[in-house]
Amino acid sequence: MSLEPVVLFFVLGLAAGLLRSDLKIPGSIYDALSIYLLLAIGLKGGVKLAEQATPGMLLDGVLIIGAAILIPLVAFPILRYLGKLKRADAASIAAHYGSVSVVTFSIGVAFLAQAAQEYEGYLIVFLVLLEVPALVIGVMLARYGAGKVRWGRMLHEVFFGKSIFLLLGGLIIGYVAGPEGIQPLDKVFFDLFKGALAIFLLEMGLVAAGRLADLRAHGLFLIGFGIVMPVVSASLGTVMGWALDLSVGGTMLLAALYASASYIAAPAAMRIAVPEANPGLSIGAALGVTFPFNILIGIPLYYWMAQTIHQTGA
Amino acid sequence: MSLEPVVLFFVLGLAAGLLRSDLKIPGSIYDALSIYLLLAIGLKGGVKLAEQATPGMLLDGVLIIGAAILIPLVAFPILRYLGKLKRADAASIAAHYGSVSVVTFSIGVAFLAQAAQEYEGYLIVFLVLLEVPALVIGVMLARYGAGKVRWGRMLHEVFFGKSIFLLLGGLIIGYVAGPEGIQPLDKVFFDLFKGALAIFLLEMGLVAAGRLADLRAHGLFLIGFGIVMPVVSASLGTVMGWALDLSVGGTMLLAALYASASYIAAPAAMRIAVPEANPGLSIGAALGVTFPFNILIGIPLYYWMAQTIHQTGA
Amino acid sequence: MSLEPVVLFFVLGLAAGLLRSDLKIPGSIYDALSIYLLLAIGLKGGVKLAEQATPGMLLDGVLIIGAAILIPLVAFPILRYLGKLKRADAASIAAHYGSVSVVTFSIGVAFLAQAAQEYEGYLIVFLVLLEVPALVIGVMLARYGAGKVRWGRMLHEVFFGKSIFLLLGGLIIGYVAGPEGIQPLDKVFFDLFKGALAIFLLEMGLVAAGRLADLRAHGLFLIGFGIVMPVVSASLGTVMGWALDLSVGGTMLLAALYASASYIAAPAAMRIAVPEANPGLSIGAALGVTFPFNILIGIPLYYWMAQTIHQTGA
Amino acid sequence: MPEQNQRLLTIVCESMLESFLQEELPRLGASGYTVTDARGAGRHGRRGGAWTKESNIKFDIVCDAEVAQRVVEHINREYKQHYALVMYSTDATMHCV
Amino acid sequence: MPEQNQRLLTIVCESMLESFLQEELPRLGASGYTVTDARGAGRHGRRGGAWTKESNIKFDIVCDAEVAQRVVEHINREYKQHYALVMYSTDATMHCV
Amino acid sequence: MPEQNQRLLTIVCESMLESFLQEELPRLGASGYTVTDARGAGRHGRRGGAWTKESNIKFDIVCDAEVAQRVVEHINREYKQHYALVMYSTDATMHCV
Ligand SMILES: Nc1ncnc2c1ncn2[C@@H]1O[C@H](COP(=O)(O)O)[C@@H](O)[C@H]1O
Ligand SMILES: Nc1ncnc2c1ncn2[C@@H]1O[C@H](COP(=O)(O)O)[C@@H](O)[C@H]1O
Ligand SMILES: Nc1ncnc2c1ncn2[C@@H]1O[C@H](COP(=O)(O)O)[C@@H](O)[C@H]1O
Ligand code: NA
Ligand code: NA
Ligand code: NA
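Residue numbers (the working numbering), protein chains in the order written: chain B, 1 to 314; chain W, 315 to 628; chain Y, 629 to 942; chain Z, 943 to 1039; chain A, 1040 to 1136; chain G, 1137 to 1233.
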């Protein structure tokens, strides 16, 4: 249950940011790496789907999405009444936590590979499916019926924004081409994945270091929320995974999905649909607290939870 | 004769552009990928040349170039009198179609690899050799003796522009270092080629989507030209390949070379030497019509043509 | 003792620059490649250190650093009194030559791999350790007690500037994770190293071509210095390597380290601490003369020197 | 050489507004605009540009005073309140053939 | 602190003109210039910057009115007709030591 | 729509000065600034931008005349002598809500 080495690159980036190193990853490299990671994950998911898809998954999918909808609905009142945040801020943060993080998921997959654990590859599909409901709920919580919403612009941003679009595009290409079709691309999209993830995490560390400053201004509540909320969500994911008869690896991944908070698709969508929400708060909590928590402590913890529930339940 | 999976990335990029996704490949990544692809193809050609070069090729080369010169000379009157385009535009488009596309050629090579077909590797040299005559003819057609031409600037652009320069540089390095010398670079320049091509095609799809708008303004003639012209050129290439006793694979590649239209070197050269030509027309036809046609339909078609002529001829 | 093929990429870049090709490597790609190379070298060093570290190295380290301090102290009077340069310029150039070049070192490693020669991997640590003393001496020579120095800013730049920071970060991650921990990252950080180095050298050639113009303005002295100084430093390195009982490969690498001149960390530090020094002179000599000399002629020469001293000494 | 007295209006804002302004500026009467990538600082703190979410863009629009006025009012109404954004303008001469 | 009254002349054009202007501006009397990468829209449609062939650059040149005039005339003569290009200028003060 | 008469001060300099100016400008009274990457040429020759060591940055600062004066003096004192750097300014109107 030791630390994944790629996580050390996140720590290095964090250190660079906090020590004010002049290390900077150019914006275009950040963009290129995220395009690569999204495509690669999508392709992997598509290939797995081509191999594993069964009609039974459909029901599982509905249940997994249904349970996930609870997350923003639980987060919102906590943020609004316990945290005394403005309605827009509470709704926006709830949407971030209801949504998911591709990188957290990837580190979960890397962790399982190191632990030589199998998992249900088609879970990658939920990286796409869990995004939309959480964002729609977030907007509805912010507006509560009143106030004009740029639904058109926002839904266009969600569906055709680069993260969902590339994940989905990769899924389709992977599914259509199948394992042998994709094989000549393996050298780039699979073999280099871990190294690219390491460099991306270096950049994430740099960005997270900048986000911590935002948080300092807004007190302890958000930091506490950023640590407790993922554990709550992960518990829900663990129970769901076990109830749906996923493997230990799959259970852990579902917990990690629920626990993760979006910092790519959600910020863009919220900025359009709920512009009065302060992005410093939501990105600060998601990227400055929850992301490091999840990759440093959360994933080993969720693995232990998954093992425990499977042993106890059996 | 199924679709090459990398071509799906082009379709994905096209979809992103047409659906107005916010997906954008940073300009610097586009530049880096094209530098990589040009160098990699040059290196491959140089290595092949070191292995295969014979004096007999020289005559073949002269004949291949001689026949290729026919292409702009046929295209020009069609564009000028049938299409009623201005002299400058007709000449510039003729130059684009007389010149060649590195990416189309690469997809041809990938297609052959998937079909487990051999080909004459030294054909890569014609990526360099076919560029210059077409561009010079294009300028002469535009000027027809009259009007000042910035020959110096243009020829400098052609020979020292990045596409010819890197292809040639790669050819020389590959030739000098030979297969064993290049071997430590294989992991980057050969193994990653297909994946890099996939990402480049994603970007090409995005760019092509933008070009379609240009075309819409200029009617059906150019679209028809962009489909018929490559088939005509490919037929010439097929006959030449068969007459010169190339393999089926080599015949198909020569057809693809003839059929392809340049959208890197030619636009830059024409912008300098024939600035009054509208680049929207030439790039629109080359990139918006002919490139997709070639990679989606043309290459399988040219392969069938090559097989047929070799079976019938034998 | 033939030319390393990667060096041909440097020559290609140099040719592009001198022939005014429009080939340009985007700034962000240059940054990304240098981040990659620094991290990769650091990781490699860290892994080697985890395998080889012994307490005896500590004494070796002190001696190697002690001898290296002689280099700027010898260079300064030559530049000041023979070259008649201004004090600030002489001091700044001395600091560049006392410091080290990561890329020269990497080409030395590639040369040894091609020659199938072993070397002491922990020497990578000296890429970090040799930087600081030379820069501090350079500043002291420039100021000679008088004049205000921005020590704080400069030392922060040295220690937290990206080159030292990434080398050190890579070293620590490599050391902590060890060979098996790093293994999933090998595909990116080790397998691609040589190809990435080739592309980086292409860019170095382009930059070096630009630097030659600076030099032309300042006469022959600096060109001579840029060739003689590395040979002198390499001789010192050869003797040290032999005296410390390094292998032939290790001796050559130490010679190359001593002979190399910094063009990443040193220019940044000198610009801050000794701003009145003309960066055209120091970068011109280091990058326009010494770097090409070292990779084209120096490294084979230092290898021969290392072999000779080991044969003669034995 | 004919010349035209115009305003040069500059808008610096969050980069996510690019696609919106691209659509809206021509509708407000601007005959053209130029965009560059930027970073900076202001009332909304440092926007370092390292990361899409905190990078800026700069629109330069040469137009007559009336169009400038219309653009300023549109942006004040639609975006100014909730987005990181500044606008400033100077007199400028457009050089035409 | 000595100051100089000058013109700030800005040229936005297709990026392929960069190397030409780099050579010509000093010959026309400009003591310096600054270039940034740009994208935009105008009479020649959208130039999105994604692709070298449709990206722009922006030259800023601080110079006296006479040099500005000379540059404007040169560019109008050599490039304006066939290339995507606009030029505008404002009064500017150069701050020298 | 309230407007403010201000100066638009532009500083083009070696990119290594970015972190220094970032710290110093707010202390000199600037309420904000915008930075873009640039290349160019001037008294210190061509600075092509290909390489960190020879790339420029451009600071745009909208501020009142007094702050502009203070910034110009600070930079003349601290950096002008040894670094590639030019400063120029124009009148500008800041558009506020
Ligand atoms: N006084 C100023 N001068 C120049 N640019 C500014 C100024 N204030 C703000 N900006 C730019 O406008 C962006 C948004 O400003 P703000 O909404 O004040 O945070 C900043 O990130 C800067 O790039
Ligand atoms: N009114 C304008 N204001 C600012 N920039 C403009 C304007 N018109 C054109 N441009 C810029 O100049 C480039 C070429 O203009 P055009 O030749 O009109 O297409 C455009 O792509 C824009 O970047
Ligand atoms: N006259 C000018 N107009 C516009 N930018 C200039 C001018 N002179 C210099 N620059 C810019 O300022 C940088 C430094 O100038 P210098 O210190 O004169 O070399 C140059 O690299 C240019 O980017
Ligand atoms: Na979640
Ligand atoms: Na052709
Ligand atoms: Na040295």
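The hints are simulated quantities; they were obtained by calculation from the structure and are not laboratory data. One should not assume that every hint holds.
As the list claims (entries may be wrong) - Pairwise CB distance ranges, derived in the manner of DEER restraints:
| # | chain 1 | residue 1 | chain 2 | residue 2 | range |
| --- | --- | --- | --- | --- | --- |
| 1 | G | R1213 | W | G466 | 18 to 28 Å |
| 2 | W | L387 | A | H1121 | 23 to 33 Å |
| 3 | G | R1179 | Y | L698 | 12 to 22 Å |
Stated by the list, open to error - When the alpha-carbon atoms are kept at most 30 Å apart in a straight line, the in silico DSBU-like pairs for lysine-lysine are as follows:
| # | chain 1 | residue 1 | chain 2 | residue 2 |
| --- | --- | --- | --- | --- |
| 4 | B | K84 | B | K148 |
| 5 | G | K1216 | Y | K815 |
| 6 | B | K24 | W | K338 |
| 7 | W | K338 | W | K501 |
Cβ atoms here follow ideal geometry from the backbone N, Cα and C, with glycine treated the same way.
Now the hints, each set against the structure:
About 48 Å separates the C-beta atoms of G:R1213 and W:G466, a value inconsistent with the hinted range of 18 to 28 Å. Between W:L387 and A:H1121 the beta carbon distance is about 25 Å. The supplied range of 23 to 33 Å therefore holds. G:R1179 and Y:L698 have their C-beta atoms about 38 Å apart, which leaves the hinted 12 to 22 Å range violated. Restraint check for B:K84 and B:K148: the C-alpha separation of about 24 Å stays at or below 30 Å, so the hint holds.
Between G:K1216 and Y:K815 the CA atoms are separated by roughly 47 Å; this puts the pair beyond 30 Å, and the hint is violated. The suggested pairing of B:K24 with W:K338 holds, with an alpha-carbon distance near 21 Å, which does not exceed 30 Å. Restraint check: the Cα-Cα separation between W:K338 and W:K501 comes to about 28 Å, which is no more than 30 Å; the hinted pair holds.
In this structure, the earlier hints numbered 1, 3 and 5 are contradicted, and the remaining ones agree with it.
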